[in-house]
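Novice: For reference, the chains in residue letters:
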Amino acid sequence: MTHWIIAPVVLPALLAPFIVLAARYHIGIQRVFSVAGVLSLIAIAAGLAWQASDGTIILYQLSDWAAPFGIVLVGDRLSTLMILLTAVLALFVILYAIGSGWDKRGWHFHALFQFQLMGIMGAFLTGDVFNLFVFFEVLLIASYGLMIHGGGNLRLRAGVQYVLFNLLGSTLFLFALGAIYAETGTLNMADLAQRVALIDPAESVGIRIASVMLLLVFAIKAAVVPLHFWLPSSYAEAPAPVAALFAIMTKVGAYAIIRVYTMIFTPDLDVTAGLHGLWLLPAALVSLALGMIGVLAARKLDRLVAFAVIGSMGMVMISISLFSQAGIAAALYYIVHSTLAAAALFLICDLVRAGRAHLNLTAAPPVSGAALTAALFFVAAIAMTGLPPLSGFVGKLMILDAAFDTPLAVWTWAIILSASLISVVGFARAGSVLFWKASAETLPEHEGQLPSPRPSVLSYAAVGGLLSLLILHTVFAGPAYRYADATAKQLFDPAPYISKVLGTPGKLSTPKEGH
Amino acid sequence: MELLVASAIGILTAAGIYLVLRLRSFPVIIGMSLLTYAVNVFLFASGRLTVGAPPILGDAASYTDPLPQALVLTAIVISFGMTAVVVMIALGAYLGADDDHVDDQAPPEADLKAEDAT
Chain H
1 MTHWIIAPVV
11 LPALLAPFIV
21 LAARYHIGIQ
31 RVFSVAGVLS
41 LIAIAAGLAW
51 QASDGTIILY
61 QLSDWAAPFG
71 IVLVGDRLST
81 LMILLTAVLA
91 LFVILYAIGS
101 GWDKRGWHFH
111 ALFQFQLMGI
121 MGAFLTGDVF
131 NLFVFFEVLL
141 IASYGLMIHG
151 GGNLRLRAGV
161 QYVLFNLLGS
171 TLFLFALGAI
181 YAETGTLNMA
191 DLAQRVALID
201 PAESVGIRIA
211 SVMLLLVFAI
221 KAAVVPLHFW
231 LPSSYAEAPA
241 PVAALFAIMT
251 KVGAYAIIRV
261 YTMIFTPDLD
271 VTAGLHGLWL
281 LPAALVSLAL
291 GMIGVLAARK
301 LDRLVAFAVI
311 GSMGMVMISI
321 SLFSQAGIAA
331 ALYYIVHSTL
341 AAAALFLICD
351 LVRAGRAHLN
361 LTAAPPVSGA
371 ALTAALFFVA
381 AIAMTGLPPL
391 SGFVGKLMIL
401 DAAFDTPLAV
411 WTWAIILSAS
421 LISVVGFARA
431 GSVLFWKASA
441 ETLPEHEGQL
451 PSPRPSVLSY
461 AAVGGLLSLL
471 ILHTVFAGPA
481 YRYADATAKQ
491 LFDPAPYISK
501 VLGTPGKLST
511 PKEGH
Chain V
1 MELLVASAIG
11 ILTAAGIYLV
21 LRLRSFPVII
31 GMSLLTYAVN
41 VFLFASGRLT
51 VGAPPILGDA
61 ASYTDPLPQA
71 LVLTAIVISF
81 GMTAVVVMIA
91 LGAYLGADDD
101 HVDDQAPPEA
111 DLKAEDAT
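Those protein sequence lines, which keep their order, are chains H and V. The first sequence begins at 1 in the numbering used here and counts up one residue at a time. The second sequence begins at 1 in the numbering used here and counts up one residue at a time.
Among the hints, erroneous ones may be present.
Okay, derived cross-link-like pairs now, SDA-like style, lysine to any residue, Cα gap no bigger than 20 angstroms in a straight line [what the hints assert, rightly or not]: (1) K104/H x I27/H; (2) K104/H x K489/H; (3) K507/H x R22/V; (4) K489/H x K300/H; (5) K300/H x G355/H; (6) K507/H x G70/H; (7) K507/H x I56/V; (8) K489/H x A49/H; (9) K507/H x L57/V; (10) K104/H x A22/H; (11) K507/H x P66/V; (12) K507/H x T50/V.
To be clear, the hints were calculated from the coordinates, so they are not data collected in a lab.
Produce the entire structure from the sequences given, and follow the hints as far as they go.
Specialist: This is the structure in structure tokens:
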């Protein structure tokens with residue numbers, strides 16, 4: 001049994017207290033450790049992804065207790081892909097935070113950042129639904145701290161909403177888990193998959209309720225309309241690097257839906273037939289439409305990006321709710337794209353703010369050095385709206401293709417295509433107002449307040465790095481799609497996963513298998 | 001006993017949801033606490049209700065499921081910590097804005113510029 005798979009959880013968990021306790025007053029040391037931690041996370045995640053890429057299921061039994069008695073961490077193609085994506089995103093975000101000085105504007109940025117990574121990594125790797133809840137809480141409580149990093153009234157108020165909404169979500173999660181445990185007597189995902197399949201459809205009330213409550217919880221995380229209300233103000237008010245990191249948090253919800261609803265409550269299961277399949281796709285379509293209309297209607301750039309996130313999550317959810325191999329594969333390709341594009345856009349928001357002091361979409365005096373920012377915005381907007389040649393376009397094609405012979409294909413195609421058009425108009429409007437339409441008024445006098453300094457080279461490098469990853473994701477779309485397709489294939493054949501988790505001997509396993 | 005526990009969970013949840021919908025910090029936080037109490041009792045009951053039985057497998061004829069008790073402990077600790085966090089953040093927001101509404105009040109047009117300058 002290799003211990004590497006727990007490293008993505010343990011490493012940030014050790015690093016964060018070290019940063020708080022030992023390097024409290026030394027921002028330089030904090031930065032070094034934080035970046036080193038993220039770099040080693042990338043190395044570990046890449047190693048795990050390479051190990052899982054041939055279809056191996058990596059199993060880690062904590063304290064050697066056999067599943068379903070102990071907690072297990074499981075790494076398959078999907079989990080390792082997601083932790084690799086998280087680690088890579090974290091690197092650029094932390095570089096931007098350092099480059100822009102955001103990490104100095106309040107206490108404990110790096111420690112909270114590491115705790116946040118610990119929670120996200122754990123949520124992707126765990127093979128136990130209650131443990132998933134615990135890791136959700138770890139990532140949430142760190143995100144509460146990060147969200148209000150730097151302070152300010154507006155941010156605190158948005159923080160209150162964000163915290164309360166997520167607390168309600170957590171309570172609902174616990175209700176769902178209690179109901180699942182009462183019905184099945186287990187919380188291990190592989191064990192649940194077996195036991196839920198055995199439930200008599202005549203006595204399935206409890207498990208049906210639990211399945212829908214669980215979907216609601218994940219839909220809150222994934223910001224599916226009508227459970228998206230927490231997202232716009234909290235993402236818009238959060239510090240830019242934090243909002244960029246939060247781009248992966250909505251994907252945690254999408255990941256949980258993929259995991260639970262392809263393995264436990266599978267689409268062809270009699271007990272929960274006709275529950276989520278019925279309304280998840282319409283809800284996703286509405287999310288996409290509403291997100292892109294929000295892009296067009298937004299009066300501030302950060303809100304615009306937040307609505308673009310809702311729209312792109314709608315796109316991901318459309319693809320997931322097809323519950324077919326092609327659909328999940330397209331969703332995975334799009335998840336990688338949308339995470340990187342959303343993070344880049346949030347960081348670009350901050351670059352824009354550095355020159356203008358606010359993000360209102362109104363004409364303002366021209367800013368020196370805005371050309372580079374404008375170019376970056378142009379590339380990121382092309383990616384986000386799904387125009388050729390970048391990966392958004394490729395991902396959208398895949399989703400359209402996957403939805404081609406489904407009953408709601410006409411609606412899906414119509415909404416995806418018109419939402420794209422709306423978002424193109426929205427981003428074009430924002431870009432032209434911000435970068436072209438300079439007003440003639442002179443700069444307002446700064447009374448005792450220095451104009452904000454030009455963003456550092458490192459900030460530009462971090463955004464450029466994210467955008468170049470998007471370009472790579474487009475150039476290598478073929479291999480990336482094949483990998484996503486293999487991942488989806490593995491998800492729809494959960495038998496090896498289940499037998500690996502339940503069949504591996506450990507403490508408390510049945511005597512003939514154990515020692 | 002089932003009726004008692006079930007109605008206790010129901011009343012706690014109903015009261016909690018009502019208070020959360022009040023949309024001011026203090027009632028909302030109290031409501032959240034009531035909801036977490038409700039969910040704790042619910043989790044506890046998910047291992048079936050037994051009286052006076054040990055939570056271990058032994059020679060005794062009846063036993064109670066120990067796992068929900070462990071789950072409840074985890075849930076209590078987490079909800080306690082979360083409530084502390086939300087109290088602090090809500091207090092900060094209240095002291096800063098002198099207003100304890102948790103929903104967005106549309107700012108007047110004139111304020112838009114001023115708030116962005118911060």
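Novice: All hints are to be evaluated individually against the structure, with a verdict given for each.
Specialist: Consistency of the hints with the structure:
For the proposed pair K104/H and I27/H, the alpha carbon gap of about 7 angstroms is at most 20 angstroms, so the pair holds. Simply put, K104/H and K489/H have alpha-carbon atoms about 45 angstroms apart, too far for the 20 angstroms limit, and the pair is violated. About 50 angstroms separates the Cα atoms of K507/H and R22/V, which puts this hinted pair outside 20 angstroms; it is violated. Among the hinted pairs, K489/H with K300/H is inconsistent with the structure: their alpha-carbon atoms are about 42 angstroms apart, more than 20 angstroms.
Restraint check for K300/H and G355/H: satisfied, since their Cα atoms lie roughly 15 angstroms apart, inside the 20 angstroms limit. As the CA atoms of K507/H and G70/H are separated by approximately 9 angstroms, the hinted pair is consistent with the 20 angstroms bound. A threshold of 20 angstroms between alpha carbons decides the hint, and for K507/H with I56/V the separation of about 17 angstroms falls inside it, so the pair holds. Between K489/H and A49/H, the direct Cα distance comes to roughly 16 angstroms. Compliance with the 20 angstroms bound is thereby established for this hinted pair.
Straight-line distance between C-alpha atoms of K507/H and L57/V comes to about 16 angstroms, which keeps the hinted pair within the 20 angstroms bound. Proximity of K104/H to A22/H is assessed by CA-CA distance (about 17 angstroms); at most 20 angstroms being required, the pair is judged to hold. Only pairs whose Cα atoms come within 20 angstroms are accepted, and K507/H paired with P66/V is accepted, the gap being roughly 18 angstroms. Using a Cα cut-off of 20 angstroms, the hinted pair K507/H and T50/V is violated, with the two alpha carbons roughly 28 angstroms apart.
Of the hints listed earlier, those the structure fails to meet are numbers 2, 3, 4, 12, in rising order.
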